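Participant: Residue numbers (our numbering), protein chains in the order written: chain A, 1 to 76; chain B, 1 to 158.
For the record, the hints were derived by calculation from the structure and aren't laboratory data. Do not take every clue at face value.
Facing chain A, a subset of chain B residues (Cβ under 7 Å, in silico) [what the hints assert, rightly or not]: (1) K16; (2) A19; (3) N22; (4) I25; (5) M30; (6) Q102; (7) S121; (8) G123.
List time: in silico DSBU-like cross-link candidates among lysine-lysine, alpha-carbon distance up to 35 Å [claimed, not checked]: (9) B:K4 with B:K150; (10) B:K16 with A:K44; (11) A:K23 with B:K114; (12) A:K23 with A:K76; (13) B:K86 with B:K72; (14) A:K26 with B:K54; (15) B:K86 with B:K54; (16) A:K52 with B:K150; (17) A:K23 with A:K2; (18) B:K97 with A:K2; (19) A:K26 with B:K114; (20) B:K54 with A:K44; (21) A:K76 with A:K44; (22) B:K114 with A:K29; (23) A:K44 with B:K97; (24) B:K114 with A:K52.
Computed footprint of chain B on chain A, listed as stretches where at least three residues anywhere in the stretch have a Cβ under 8 Å from a Cβ of chain B [what the hints assert, rightly or not]: (25) 28 to 34; (26) 56 to 66.
For clarity, every value in this text was computed on a predicted model and none was experimentally measured. By construction, the Cβ of each residue, glycine as well, lies at the ideal position given by its N, Cα and C atoms.
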Amino acid sequence: MKADVTLDCVGLYCPMPIHNTAKSLKELKPGQVLEVLASDEGIKTDAPAWCKATGNELLGIEEAGGEYRVYIRKSK
Amino acid sequence: MAEKVTLIMFSGDMDKALAAFNVAIGATSMGMEVSMFFTFWGLNLLKRNEGPIKSRGIMRKMLNFMNRGGAKRLPLSRFHMFGLGKWMMGRLMRESKSPSPQELLILAHESGVKFMACTTSMGIMGISKEALISEVDSFAGVATYLAEAKEGRINLFV
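Looking at chain B on its own, in the form it has when it is part of the complex (with noise of 0.2 Å):
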């Protein structure tokens, strides 16, 4: 039976997305069998970048508009200089042909990498299935994280 690798993705960072994606596609040519598992702020990788994203109610609806997501819009962990620095990392990766958080995120799941998202952060950020990419496949909690992860000597804390 193939090896197991499972990812919790809380962080909704650029950069560390791209560690992430990067151990995901590296785990998956080693003929692993990969799980991500996105939670709270982690859900923006999986956010949706084009239209509104709709929810209910005065405090979620402010937040889905303070904290939009999409997997083309995530800040930088350092220097993000409101959007400055974002911009020159991405120009330094593109002139080094190095794909971007949304191009790894596809090749990830192109690769097998199982994408799960988290219903209750989904519930309590008032984040609907239909603001979340199709390339999800399963909605999730904890046990079942756990239980992945049970079985995996590589469980990493993104």
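Okay, chain A solo, but in the shape it has when bound (with noise of 0.2 Å):
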């Protein structure tokens, strides 16, 4: 997936993968689409729980090699 920005958070535990987010994001446009890198599995639920209560989009989750790539779009 294409993403305008990518936040590396591996390595990370809470609540510093979803603080980064919610940073990284407020310097984006609404529209443009948000790459978080993270090796915490929580990041699993909390990226959905965390779009669903922010009111912005879940574009999608992969997971590769104990790794995620969780794409959120900014929406307003």
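Starting from the two chains in their separate frames, assemble the complex, guided by the hints.
Facilitator: In structure tokens, the structure reads:
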């Protein structure tokens, strides 16, 4: 998937991945896509929960070799 | 209007502080307004790490000597083992690139979490405003906490 910005959260634990995601997304314009790289498995459920709570669009989560790539489109 | 989250920080334990700051920072990242009300042993989280804590009267002096506090000095609630357990936990956390209570406290405040210090506990325990860090946003009592908590659906006691 194509992203406008990539955020590396590999090796980080709660609350850093979602904190950094929120911070990075603030810098983006509506419609732009953020890619979050993470290794903590919690991101699989945290990313959908975070997107639902903040009203941003979760485009998908890819999993490969114990790492996760999360794609979020900023909605507003 | 943003959803409100409040936490009563009663405990001065390091592990409980970590969990609470984690929730607080998570909540700000989800656009919620967070207030943390520090009372009793929880005030230890807000004490300055440097310098002596001055107070009047022999019992308060003793209390603040034995209960020095400061975010860098918090004990573990289990397996503290005179600091050995805490040292090991600190090492594991550093190896895991996990922030310390001190770092989380600063991060929480930078993220907009409001810190309230309980004036009643401060008075009884002989803790002056000068003994606390500058991140404290307000000094308040139970009514201030309840007025905030009334607006929140997530209100936690730590």
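Participant: Can you confirm whether chain B covers the segment 56 to 66 of chain A, using C-beta to C-beta distances below 8 Å and requiring at least three such residues?
Facilitator: Check failed, 0 qualifying residues.
Participant: At least three residues with a C-beta closer than 8 Å to a C-beta of chain B: is that true for the segment 28 to 34 of chain A?
Facilitator: The restraint on the segment 28 to 34 of chain A is violated, since only 0 of its residues have a Cβ under 8 Å from chain B and three are required.
Participant: Taking only the CA atoms, is the gap from A:K26 to B:K54 under or equal to 35 Å?
Facilitator: violated, 43 Å
Participant: For the pair we were handed, B:K114 and A:K29, check the Cα-Cα distance against 35 Å.
Facilitator: Roughly 28 Å between the alpha carbons, so the hint for B:K114 and A:K29 holds.
Participant: Can the restraint linking B:K86 and B:K72 be considered satisfied, given a maximum Cα separation of 35 Å?
Facilitator: holds, 11 Å
Participant: Is the Cα-Cα distance between A:K52 and B:K150 35 Å or less?
Facilitator: holds, 24 Å
Participant: CA of B:K54 to CA of A:K44, is that 35 Å or under?
Facilitator: violated, 49 Å
Participant: Under 7 Å is the threshold here; is the Cβ of B:G123 close enough to any Cβ of chain A for the hint to stand?
Facilitator: violated, 33 Å
Participant: Closer than 7 Å between Cβ atoms is the bar; does B:S121 clear it against chain A? Give me holds or violated.
Facilitator: violated, 27 Å
Participant: Holds or violated: is there a CB of chain A closer than 7 Å to the CB of B:Q102?
Facilitator: violated, 15 Å
Participant: Checking one constraint from the list: CA of B:K114 to CA of A:K52, max 35 Å. Satisfied?
Facilitator: Roughly 25 Å between the alpha carbons, so the hint for B:K114 and A:K52 holds.
Participant: Mind checking the alpha carbons of A:K44 and B:K97 for me, to see if they're no more than 35 Å apart?
Facilitator: Roughly 20 Å separates the two Cα atoms, so the pair holds.
Hint compliance for this structure: hints 1, 2, 6, 7, 8, 14, 20, 25 and 26 are broken, all remaining hints hold.
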